[in-house]
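Q: Below, each chain spelled out in residue letters.
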Amino acid sequence: GAVVSQHPSWVICKSGTSVKIECRSLDFQATTMFWYRQFPKQSLMLMATSNEGSKATYEQGVEKDKFLINHASLTLSTLTVTSAHPEDSSFYICSEGRGNQPQHFGDGTRLSIL
Amino acid sequence: GESVGLHLPTLSVQEGDNSIINCAYSNSASDYFIWYKQESGKGPQFIIDIRSNMDKRQGQRVTVLLNKTVKHLSLQIAATQPGDSAVYFCAENMGGGGADGLTFGKGTHLIIQP
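So the protein lines, in turn, are chains A and B.
Under our numbering, think of the first position of the first sequence as 1, with each following residue one higher.
Under our numbering, think of the first position of the second sequence as 1, with each following residue one higher.
Quick caveat, the hints were computed from the structure, so don't treat them as lab data.
From a predicted model like this one, the values you see are computed outputs, not experimental measurements.
For every residue, glycine included, the Cβ atom is placed at its ideal position computed from N, Cα and C.
It cannot be assumed that every hint is accurate.
Claimed, not checked - With beta-carbon atoms standing in for the labels, derived distance ranges:
| # | chain 1 | residue 1 | chain 2 | residue 2 | range |
| --- | --- | --- | --- | --- | --- |
| 1 | A | I12 | B | E39 | 43 to 53 Å |
| 2 | A | G61 | B | D31 | 47 to 57 Å |
| 3 | A | V62 | B | N22 | 24 to 34 Å |
As the list claims (entries may be wrong) - Think about it this way: if two alpha-carbon atoms lie no more than 27 Å apart in a straight line, the pair counts; the simulated BS3-like pairs of lysine-lysine are:
| # | chain 1 | residue 1 | chain 2 | residue 2 |
| --- | --- | --- | --- | --- |
| 4 | A | K41 | A | K20 |
| 5 | B | K71 | B | K106 |
| 6 | A | K41 | A | K64 |
| 7 | B | K71 | A | K20 |
| 8 | A | K20 | A | K64 |
| 9 | A | K66 | B | K42 |
| 10 | A | K41 | A | K55 |
| 11 | B | K42 | A | K41 |
| 12 | A | K64 | B | K42 |
| 13 | B | K42 | A | K14 |
| 14 | A | K66 | B | K106 |
| 15 | B | K106 | A | K41 |
| 16 | A | K64 | B | K71 |
So here's chain A without its partners, still in its complex pose (with noise of 0.2 Å):
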């Protein structure tokens, strides 16, 4: 079964809107989640690595301000795109880091900004 879940799985909303992505941990006390992004036909991006009880930690070209990560709890990491435009569309996927074994993702968040 899922080990890893995401909500919601598919969300329209208007131009300059925030929106809060959740990911869940559903079997293990997950220290590090990783966010990635996905265009349409394309590979998965990462975007930052949430790090539990401390800041997140952002790849060159992703802006923390918009994009703000929390990891308040050792099971749920959050995404929230602030002031989310057209551009911003995409598909937004989660994962957890268990030391030396294989990442397991959630199973994605489409985001469609009108």
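Assemble chain B onto chain A, guided by the hints.
A: For chain B alone, kept in the frame of chain A given last:
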């Protein structure tokens, strides 16, 4: 290295035949490699992984080969089935599965013909 492509390569195989999906990576410091399967609208699903101290690893119907000299990774799927239709991504990082964010390859769309 850069891993995003604008077009997904396609591999079409007959049901029952073996499939070989190739991947080139650019970071010679990477020591962990992993293959994922992604079905439409879902997150990546773990298939098999391999560390840099190995050159071959087998799973159920799948084999991963690693050639560090030419920085090449391949996934072999035996007796391909309709359910194998998906996009396949290779990914890499340094330090192991959950230690760091993954850099994904461009992906290959595997199509199974009856």
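Q: Against each hint, give a clear statement of whether it holds in the structure.
A: Status of each hint after checking the structure:
Look at A/I12 against B/E39: about 22 Å separates their beta carbons, and that is not inside 43 to 53 Å. One distance hint, 47 to 57 Å for the beta-carbon pair A/G61 and B/D31, is violated here, with the actual separation near 25 Å. Under the hint 24 to 34 Å, the C-beta atoms of A/V62 and B/N22, about 29 Å apart, fit the expected range. Taking the CA atoms of A/K41 and A/K20, the gap is about 24 Å. The hint holds against a cut of 27 Å.
About 15 Å separates the Cα atoms of B/K71 and B/K106, which keeps this hinted pair within 27 Å; it holds. Pair hint A/K41 plus A/K64 holds up; C-alpha atoms about 25 Å apart against a cutoff of 27 Å. Using a Cα cut-off of 27 Å, the hinted pair B/K71 and A/K20 is violated, with the two alpha carbons roughly 39 Å apart. Between A/K20 and A/K64 the CA atoms are separated by roughly 14 Å; this keeps the pair inside 27 Å, and the hint holds.
Our distance criterion of 27 Å between C-alpha atoms is met by A/K66 and B/K42, whose separation comes to about 25 Å. Of the supplied pair hints, the one linking A/K41 and A/K55 is violated, its CA atoms being roughly 31 Å apart against a limit of 27 Å. At roughly 13 Å between alpha-carbon atoms, B/K42 and A/K41 fall within 27 Å of each other, so this suggested pair holds. Distance hint between A/K64 and B/K42 is fulfilled; the C-alpha atoms sit about 26 Å from each other, no more than 27 Å.
The suggested pairing of B/K42 with A/K14 holds, with an alpha-carbon distance near 24 Å, which does not exceed 27 Å. As the CA atoms of A/K66 and B/K106 are separated by approximately 26 Å, the hinted pair is consistent with the 27 Å bound. About 9 Å separates the Cα atoms of B/K106 and A/K41, which keeps this hinted pair within 27 Å; it holds. The straight-line distance between the Cα atoms of A/K64 and B/K71 is roughly 33 Å, outside the 27 Å bound, and the hint therefore fails.
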